[in-house]
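Enquirer: These protein sequence lines are chains A and B, in that order. Read the first sequence against my numbering and you will find it ends at 235, with the numbers running on by one and no gaps. Read the second sequence against my numbering and you will find it ends at 250, with the numbers running on by one and no gaps.
Everything labelled a hint here was simulated from the structure, so no lab data went into it. Heads up, some of the hints might be wrong.
Unchecked claim - Output of the computed footprint for chain A on chain B, the stretches with three or more beta carbons under 8 Å from beta carbons of chain A:
#1 177–187
#2 190–204
#3 236–250
For clarity, every value in this text was computed on a predicted model and none was experimentally measured. Beta carbons: idealized from backbone N, C-alpha and C, even for Gly.
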Amino acid sequence: QSVLTQPPSASGTPGQRVTISCSGSSSNIGSNTVKWYQQLPRTAPKLLIYSNNQRPSGVPDRFSGSKSGTSASLAISGLQSEDEADYYCAAWDDSLNGRVFGGGTKLTVL
Amino acid sequence: QVQLVQSGAEVKKPGASVKVSCKASGYTFTNYHMQWVRQAPGQGLEWMGIINPSGGRTSYAQKFQGRVTMTRDTSTNTVYMELSSLRYEDTAVYYCAIWTTGTDYDHWGQGTLVTVSS
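Please model the entire structure based on the sequences and the hints provided.
Expert: Laid out in structure tokens, this is it:
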């Protein structure tokens, strides 16, 4: 049972826009910034979004993040086949004094 | 460039201990806290704890307290994560990582598969 709640799966067709949600509480998302990671099979997670909505250099602007209250979202527009991966949200939790992750969302490009 | 190179896969029996290493290069070793995250097969990411390579101070997730020990060797820029009293459910890929809040400084090791099997 993950502290942050994500839908287990999401899907879309090429060119579509998909959104992945991440729900937390006042001790994590509500008081700290959110990161999003993309994980391809058998590889380490790759940073996609930091500080709620900032993209590292090299990450396409098709990826965007937002945060409101105790929830965050990752949006992927112009969906491409190479976007098929697992996506995780993460934040620091002040009550647990540790980093917490969402359970992950498996994105399928139909 | 930043590199975190982890030790190889391990197979351990239930009740044994495992020690995974993470050798850092490409940055000032004592400037960034090292984190450990694990991922069981087909499961999500789970934060285990953190070590400050500068003074060696550690903080562990409550779930692992009493079973995990993180240490560092500043002469070789290496961090170690030892997990004891292994159970079948400890079978996972273990990652070391460094990251900061508010920047895109975020680097992970390649992962070390630890299999607990009798």
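Enquirer: Hint numbers the structure violates, sorted upward?
Expert: none
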